[in-house]
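> Letter by letter, the chains look like this.
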Amino acid sequence: MRKTLVSMVAVLIWAPSVLGGDVPLSGGTEACLECHRTIHPGIVADWERSRMSKVTPAQALKKAELERRISVETAPGDLANVVVGCAECHTLSPDTHEDSFDHEDFRVHTVVTPRDCAACHALEAEQYTGNLMSHAYANLNNNPVYHNLMIAANGVQTFEDMKTVIKEPDPETSADSCNYCHGTQVAVRGFRTKETDFGEMELPILEGWPNQGVGRINPDTSKGSCAACHTRHQFAIETARKPYTCAECHKGPDVPAYKVYTVSKHGNIFSSLGDVWEFSSVPWKVGKDFSAPTCASCHVSLVVSDEGEVVARRTHQMNDRLSWRIFGLIYAHPHPKSPDTTIIKNKAGLPLPTEFTGEPVEGYLIDTVEQGRRRAAMQGVCLSCHSEGWVAGQFHRFEKTIQSANEMTLAATTVLLSAWERGAARGLAQGDGIFNEAIEKKWVEQWLFFANSTRYASAMAGADYGAFANGRWYMAKNIQEMVDWLEFKLKDKK
Amino acid sequence: MRKTLVSMVAVLIWAPSVLGGDVPLSGGTEACLECHRTIHPGIVADWERSRMSKVTPAQALKKAELERRISVETAPGDLANVVVGCAECHTLSPDTHEDSFDHEDFRVHTVVTPRDCAACHALEAEQYTGNLMSHAYANLNNNPVYHNLMIAANGVQTFEDMKTVIKEPDPETSADSCNYCHGTQVAVRGFRTKETDFGEMELPILEGWPNQGVGRINPDTSKGSCAACHTRHQFAIETARKPYTCAECHKGPDVPAYKVYTVSKHGNIFSSLGDVWEFSSVPWKVGKDFSAPTCASCHVSLVVSDEGEVVARRTHQMNDRLSWRIFGLIYAHPHPKSPDTTIIKNKAGLPLPTEFTGEPVEGYLIDTVEQGRRRAAMQGVCLSCHSEGWVAGQFHRFEKTIQSANEMTLAATTVLLSAWERGAARGLAQGDGIFNEAIEKKWVEQWLFFANSTRYASAMAGADYGAFANGRWYMAKNIQEMVDWLEFKLKDKK
Amino acid sequence: MRKTLVSMVAVLIWAPSVLGGDVPLSGGTEACLECHRTIHPGIVADWERSRMSKVTPAQALKKAELERRISVETAPGDLANVVVGCAECHTLSPDTHEDSFDHEDFRVHTVVTPRDCAACHALEAEQYTGNLMSHAYANLNNNPVYHNLMIAANGVQTFEDMKTVIKEPDPETSADSCNYCHGTQVAVRGFRTKETDFGEMELPILEGWPNQGVGRINPDTSKGSCAACHTRHQFAIETARKPYTCAECHKGPDVPAYKVYTVSKHGNIFSSLGDVWEFSSVPWKVGKDFSAPTCASCHVSLVVSDEGEVVARRTHQMNDRLSWRIFGLIYAHPHPKSPDTTIIKNKAGLPLPTEFTGEPVEGYLIDTVEQGRRRAAMQGVCLSCHSEGWVAGQFHRFEKTIQSANEMTLAATTVLLSAWERGAARGLAQGDGIFNEAIEKKWVEQWLFFANSTRYASAMAGADYGAFANGRWYMAKNIQEMVDWLEFKLKDKK
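Going down the list, the protein sequences come from chains U, D and E.
One point on numbering: in this note's numbering, the residue at position 299 of the first sequence is 299, and numbering is uninterrupted.
Remember, this note's numbering sits 494 above the position in the second sequence when you count from 1.
Remember, this note's numbering sits 988 above the position in the third sequence when you count from 1.
Just chain U, same shape as in the assembly:
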């Protein structure tokens, strides 16, 4: 009896709906499913649980504006009256996709891109182009300073005669490391012929594949991968709204957002009580659907009050509610104006948003007015549950922390500059990289790990990551160790 009831409940919650005559499938999708249901049962079952497999764009458009998950004004031509299946995405605009290939009676492309998704989600795709993430590939790989960091981190080293030599990493290594999150450049390297149960097939060979990085360079020249957050093929909004998705790229020592969240009050409430929250309703009602924010609540989602008042508008330009850029760079600074940061030049001629000693580079960063606008947008979310005094106190501390963490980075930079000056290490002036020697790597950790962690801990109120867990304790210790290293290095120079 118990077993039966439990199973029944489980089935009700979980089982994919049976696709019957009542769901308008396109002929293309029907053809795909015929074979792929057997070949790739996992994908198909996943898609069958998705909203896309059940609702046509035309139906989706009938919802009230705030309830809509689709942002075009009219349902797109052929797609309007069928559910969104395999063919709708994988055969859309075949001529624009370098990876399109003839497959049975269709021209199919493997890599579905934001430009494909824009057929229905135009506004989100557009906003995303303003997001730093969409430029994550070039901002890393095409910035000479950062490209250098990639080599120093990923290149294979050899040791001989008390010296190390470093090789430029191969593309597979970069794809397996930094570019896993930043995105690879996906391109067609050639084609291969395959014998299958269904006859001989010609299939593309892709380089930089697989990848779902946020700044992926796609074969149709678009940037990004919606699947980075809207995980295929269920595309559940629950996934995008739960912090585990962000954790894929935001958990490491360089950007411990997820870790900080888990020790914050917000994260605790989510973990303790979130199993009964409503993660799929649009719009998302603060207090009613959820009682503590996840990453999405503060940074992305359309949040409304129970009375239907808009607390925050949906944005896919995530830096939209952020006045400071607190990670990844040497010093925290006002957000760059353009998502393409390779255009920035500081006084030293380097593509960095601050000078080596921390001063923000003029002209490329948002001004205090825009910072205020973004801060207010974020605080709008906070104020749903917190008093003005609470929020003011929290942000006051956060800005103090930005300042003191920058000062601690400056102290480490001063030690490094001294090391270069005294010949204990070799920097740019000596024609060498700035990330390859031990002392330089300690300097990198000062800002990339410890100052970043401290700032995140402050921003999201997960104090341990600003104290002993890669926070202030490590900033303080690292400076002392850099000084000792310098002393040891200079001992026989005296």
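Residues of chain D clear of chain U, computed beta-carbon distances all greater than 10 angstroms:
| no. | residue |
| --- | --- |
| 1 | Cys583 |
| 2 | Phe600 |
| 3 | Leu617 |
| 4 | Thr623 |
| 5 | Asn813 |
| 6 | Val885 |
| 7 | Arg920 |
| 8 | Leu922 |
Computed cross-link-like contacts, EDC-like style, restricted to lysine to aspartate or glutamate with a CA-CA straight-line distance of at most 20 angstroms:
| no. | chain 1 | residue 1 | chain 2 | residue 2 |
| --- | --- | --- | --- | --- |
| 9 | U | Lys442 | U | Asp484 |
| 10 | E | Lys1479 | D | Glu975 |
| 11 | U | Lys400 | D | Glu662 |
| 12 | U | Lys163 | E | Asp1472 |
| 13 | E | Lys1479 | U | Glu487 |
| 14 | D | Lys936 | E | Glu1148 |
| 15 | U | Lys265 | D | Glu732 |
| 16 | U | Lys491 | D | Glu654 |
| 17 | D | Lys936 | E | Glu1469 |
| 18 | E | Lys1388 | U | Asp170 |
| 19 | D | Lys985 | E | Asp1480 |
| 20 | U | Lys167 | E | Glu1469 |
| 21 | U | Lys491 | D | Glu981 |
| 22 | D | Lys894 | E | Asp1158 |
In silico contact screen, one side only, chain E against chain D (beta carbon under 10 angstroms); selected entries:
| no. | residue |
| --- | --- |
| 23 | Val1032 |
| 24 | Ala1033 |
| 25 | Phe1147 |
| 26 | Lys1155 |
| 27 | Cys1166 |
| 28 | Asn1167 |
| 29 | Pro1198 |
| 30 | His1238 |
| 31 | Lys1429 |
| 32 | Val1432 |
Worth flagging that the hints you see were computed from the coordinates, not collected in a lab.
All of these numbers come straight from a predicted model, not from anything done at the bench.
For glycine and all other residues, C-beta sits at the position ideal for the given N, C-alpha and C.
We have chain U; now place chains D and E onto it with these hints.
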């Protein structure tokens, strides 16, 4: 059909009950809700899901003793026959709260304190004053040795002429770091006037706010914040019983209790099967309500057998079941008698519970009889599921580990003493701090990170944190690195 | 109303079934339960929720082959027609268990072993003997090289005259550290007499107890503990299939499989959506029961498609689907042929599967044909959801990473060899251990932490652990620090 049923279930589990005429709200609370339901929809919805919004103290007292969540003998005057709403807590005993201010027709205070909660939960508030946590502010900030550690960890450093100088951290930094968990001193700094939709308002400006640290010094002079664990405003007992709450302050390298739990058998069972456990029943039935302990089961909760026999009495003096104090101090030692540890003086005149070489300080620590009593209280919980032989083996190993971890701390201390003696570093005898130099910081990590982690791993059977994850491997390596450092430092002194 | 319904659902899901006349209990088990239900309520309630308490072996055998959880052909004699209770396991074959003792009218043993479980699960027990894990005790403790590592990691050190001395760790320390996961040697040390409410009892005193390590040496000479993964006494298949079980031993820096999983797309899907998956069905239907793999899906479970086609056969020889051994050893290499790795001898005469410079040792490792077979078995699971191109790309990168991580280990080894040669450290040739000095410990971390982490990150696509979270960044930095150390050490040797 599926959708409808799923939604129905979700609604049944999650939706706040509609407050109607059947719930006796005080006039004060009704007045609060009128505006704040719109201004702070998140808080109000949260509170509406709480038990406090549905049960009056008088009703709560009708429960059988073991089922009671309220510990006063009689329902407190005005509060007895209304549910516990905004006004009941935020306007209670206004004269005792320095932060009380006139707000509409009420005298409201922002910071609800353990003394407020004691109106109904007197026994818990009283027990908590015996808990080390309630003194967490002074035990850290007013102990000169530990205050020094705070400076060394949090102070901003500058580097010049091969020397570093450290500034005393500002209060915001301390509040953002150590005092986030230890608690801040909350005080009224002044008042501000605000134009609102409801007219001009005078609102207090609080320093040290926001904060929910366990040893917070409140504007009514009480210590602590019940909200540290009983998260506002749902105050769900599930939250306090789930380990995520403890993780807010007990996850970092200095006290990795939560991390150890996650790799223990207990933590595995909780994570794998806990989603169907009963986390809200009082008393809490071992085996029936839960099949593996969380932090609360062993350290706090009233646990009974299915037959109703008391396995462990509820305590909010959490050190009540702990014979050893295994973290935070240089050496593990029997628990202090008084929760105020600033009163301790060792032979060297320092406020530390052991000598620098590990011997416990006489007179201030519990004796072996009391240790035995506490050990037995803890083992009572273990024995619900484990045989005597199992438990004896576990505790035997644990006490061995306390001993060997102390020995490994002693080895590191011996290296440090040698460094001070040989002039490689400057300690107390040289008029300097003991936490500011690199070698001193490595010494701190020996006990504060690695020995602590090893002891937790042993106590809670999550071995990795006693092996490679900040455990014995790091204790062993750290000593070798300290010795090498000393050798390098002394090279030109020969 | 809401409360009632919620409670009802909770009860339906969670409450143990009431044992009545319809469940055939053996007389032995009835006798056990009579007292132990009171003495150990936690265990009994746990077992009452188990499948074993409800289904007899004879009933279990009536299932279709793929649905069976029992692998003997015929139900074993006395056990066939009673459910599997206390007595069935704890009194089986008493003469073979050194720890059997007279208890009431029974001859009981404390330590239930894989040989006991084999009465019904013969195939799994047999497969497990081919699993490296079953030899985890001897492969660590009886390999002189690895035994040395245990001493260096766990031994208590003392410092005098600028030198450290290390003591061999006591058995309790080893049991609390490495052997917690690897398994202890459980043996009867004697007997003790105890006064109880039921009269005087003679009870065994076990050494190496408690322990549930995967290679535990049992009092009946068998190896392993099924309870390592099939947690007592509910023995829920959900537990074994969820990643938290594996995390007990596979989360630390030496083998961060669980951590990598949490930042992989698979782990994200599990965390976001897994709460409604079906974790208890046999066979396990990919797509239908779960939409992303857990550890078990890829490494252990019987996985089928919705149409019933076998995707992967169940195996308890977990290395069965693994072509490379990527952790624990100095270099990644083809899997050893025998689970007993103490038999391996490299050219230097050491029991290691590779030379010190990385070349695999001939004769002891699987060949490329067997590697191909195992790779294909694993890829069979991948292909349920991914295209051939995707899978090929993933494995191509993985094998590149194995190669480059080995090269980075070689670089570190070259520095160490140079240190030994130049007299900066003392290795085997100098009659010293290879794990005790600081430079040697840094070398260990190169492969045991950083290269292992990088390989796991690649294998399971959780990139951060191959980048900044103990990955390539640390491999690169560690080499630079080793070189600096060597330089400092040699300064006064010039």
